[in-house]
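Student: Since chain B is already given, all that's left is putting chain E on it; use the hints.
Top line first, the protein sequences correspond to chains B and E.
The first sequence begins at 1 in our numbering and counts up by one.
The second sequence begins at 808 in our numbering and counts up by one.
Just to be clear, a hint being listed does not mean it is correct.
[What the hints assert, rightly or not] Straight-line C-alpha distance at most 20 Å; calculated PhoX-like pairs for lysine-lysine:
(1) E/K836 / B/K96
(2) B/K186 / E/K935
(3) B/K282 / E/K935
(4) B/K96 / E/K825
(5) E/K881 / B/K167
(6) B/K96 / E/K867
(7) E/K867 / E/K900
(8) E/K863 / B/K362
(9) E/K825 / B/K334
[Unchecked claim] Sample of chain B residues with no beta-carbon within 10 Å of chain E, all distances over it, derived:
(10) S281
(11) A284
(12) T338
(13) S538
(14) E558
(15) S727
(16) P749
What the hints contain is simulated information worked out from the structure, not anything from laboratory work.
Built from N, CA and C at the ideal position, the CB exists for glycine as well.
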Amino acid sequence: MSPSVRLQEMIRVIRSARTQCEERGVIQKECAAIRAQFRQADNGGRSHNLAKLLYVHMLGYPAHFGQMECVRLIASPRYSEKRVGYLGAMMLLDEKQDASLLITNSIKNDLSHSSPYVQSLALCTLACMGSAEMCRDLAPEIDRLLKTANAYIKKKAALCAVHIVRKVPELAELFNTAARSLLTEKNHGVLHGAVVLITELCERNPSALPHFRKIVPDLVHIMKGLVMSGYSPEHNVAGISDPFLQVRILRLLRILGRNDDEASDAMNDLLAQVATNTDSSKTAGSAVLYETVLTIMDINSECGLRILAVNILGRFLLSNDRNIRYVSMMSLQKIVQTDHNAVQRHRGTIVDCLKDQDASVKRRALELSLALVSAANIRSLMKELLLFLSCCPPELRAQTASGIFSAAERFAPSQRWHIDTALHVLTTAGGDVRDEMVPSLIQLITTATELHCYTVHKLYRALVADISQQSLVQVACWCIGEYGDLLLRGECEETEPVQVTEDDVLDALETVLQSHMSSPATRGFALTATMKLSTRISRNVDRIRSIVSIYGSCIDVELQQRAVEYNALFKKYDHMRAAVLERMPVIDRSSPGHDNGEPAVIQAPDKTKNNPVVTLTQEPTNQARDLLDLLGGSDEPAQPSTVQPAPAAPVPDSGSAGGDLLDLLGGLDSIPVCFLFFLTCAIVPSPVTDPSVTVYEQNGVTVKLRCDRQTDVGVTATLVASNTTDSDITQFTLQAAVPKCVQLQMRAPSGDVLPARGAGQVTQTVHLNNPNKVCFFVCLFLPFYQPDLCPYFLLVTPEHKNQHSTY
Amino acid sequence: MMRFLLLFSRQGKLRLQKWFTPLVERERKKVVRDMTLMVLGRPPRSCNFLHWKDLKVVYKRYASLYFCCGLDDKDNELLALEVLHRYVELLDKYFGNVCELDIIFNFEKAYFILDEFLMGGEVQETSKVTVAKSIEASDMLQETMEEYMSKPAF
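Just chain B, with the same shape it has in the complex:
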């Protein structure tokens, strides 16, 4: 048979291939030759062939046919073949392959081999890819090797034991005693292995901590020896004696000293010594200092030591080395909550790091700066943050903007300042402001009643200058629509007023409407604003009328719907127009319904044959998404099932009525019937002539919905239930659930008994806050006692109030 090409020759040939295709050709030929060779009997070139295969594997080509060859080579008596065989095993076999079990026996034999280098091969392979079964099989061997005299084997056995403990935590006790005895060694490799092993044992098994705390004095002694010893050429790195071992010891001390006063006391002196004596001009020294700082902050150290640690971090911040700056900011981030004042002292340096070139450093500086904002430094810090916003990299802008908003919200010294800051952010980074911020901004503007004039003037100027930033444009349109009269009045105390005519304002809004840069939501804002202006201006109402009617045939369904409704408002309901479009009241800062936990899906009993049943069980989000993210959160504990959540004032999590729905799971056995129907709320204010819409009418029970008030962002409605059957309906309750982005408040119902034959009614007021102006379903749940009724769905849309979809 032809002699196969040697490894280096093959590499040369592959590298000289000019195209991918050529390379593939060469490799395929080689692999075929290798496969043929594998099938042959032992011919002395096996290790070369496997090495070639491993090279090909590294280039990304399949090499699974070499797995059995690895097994064979490992069993070979020749060291060269074993070496390559074990290397192949580590590269080609992982614990998920069946072939890996076959090498267990070879490893076992090699662990008792006479040559330590063969033993080391076996140990290395076991530590790299040993599966749980292999570890279980071989753990006693490793334990034996931990007690051998040869330091070379001992250190490897220690790390092998670490791997075993990671794979099979139950075997940890096996190594407890051996680990402790290893600490008496002088050999640094063995010491290092011992420290790593003890660290792993302590982390896996906290009950072993008391046992290992006894070694703290020994560790302190070893560490002192390292720090105080003279120059040791063997272990010296940039003036530090064995930084690898020092760092591991410090890490172990951290674990042992945590939450334990006695251990922490024992290491106080040592930590102070290391912190003051270590030279941090090179990375090795900085690594040791960094680990020291982390240890000091984590154990019960005394006050002076903690201040020393924070000062070290502050010194790191001034370092020229970017890595050290980054690392110190990471640590400061961790301790900013607990040692806030200490970190505040370095605020200046941190803020300077905002101007660093490196993106990672900037990101850390931003997070830290936002964490350091307090009532005392809000003004100065905000100046820096706003400066940063104007020149920060694009990927950080959204985070900066929302950080600034939340900081402003918490610590704003005055409303004027708050609005100024918000406007500044909008004008600088309006395109990166998250969509959820727009409603909060609007809410903020409405609350600052004295500043409406000022706000609308500033926003108008910004709008005219630039209509590409969606969030800015949305807020501006809303303000102009709402406060257009103030704008047109042309006088303002706080700022230079803009002298505009009605035409100018309408021009601006129309530009937004027509611009291709405006998103559909923005155009909706603009159209609504235009409509609102019809009650605030005197002369150009016809122009508004014509704009509105043009958009009545717009392709965008959303805009078309709005335009059609506004048209109707002009034509048929002109008498109501002023009332509908009047100035909005101050929006309640109601509890955030946003983070209500997982949407809930609830199980309803299927009493019928053919009607679809809503499957509602408490499932993770991805299932609920199938139901269009219908239902709100469900993280409330069980409440009495017949009592409505009816706070008069907004209560946190009252927006989540999903919890009530879950109660019904418990109550479902006794309540044989469940009715579900959906209520779609219009996004825009829509006129409702007949104020009351029947949402449910069956089997003698009628539930009507009466819209009391509708705004851009919410609906207040009253549900009126009546009963025309011959028997009273008791325990009548209405419950509702809304998606996460909508907030729901239900006032107390007037009662829970529906008297027979329409003798009385039960009313309940419901308020829905829809800040994101999304289309949503409200799931209303009506359990009440009446037998033999089937569940079904009803879709009602108030503006198309004559359409009821039943399915």
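Tutor: Just chain E now, with coordinates in the frame of chain B:
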């Protein structure tokens, strides 16, 4: 512990890969792809530390090779830089002024050196001299065997 150690060239060609956690082939390829993209995309004078999923990634460029390792959250990044540097020093000592070609044509030796320095994702031996001596001794063992085996039997 170190989760993986990768060496790749400026063109993204992999020169060495060492995995300390069990991953299937497809996942390994994905990690390699992500690492090369992330590291090669960094501007020249930036920080050597990155975040990727729940790992810290530490990388350092030596001539035409990038040395990249993935660490647990608890590990010390500055020390990882020292580990990478120590490995380069070991290679340099062994090959004598090591360059990328040495690692390409003698990749199995680079692995053997790595296996004497790191094990199970942790540093095995902190003394350069001891590691060098062990490698030398293993090479001697191999050569002796080879010489013996290559003696013609006929």
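Student: Run through the hints listed earlier and report the numbers of any the structure violates, in increasing order.
Tutor: 6, 9, 11
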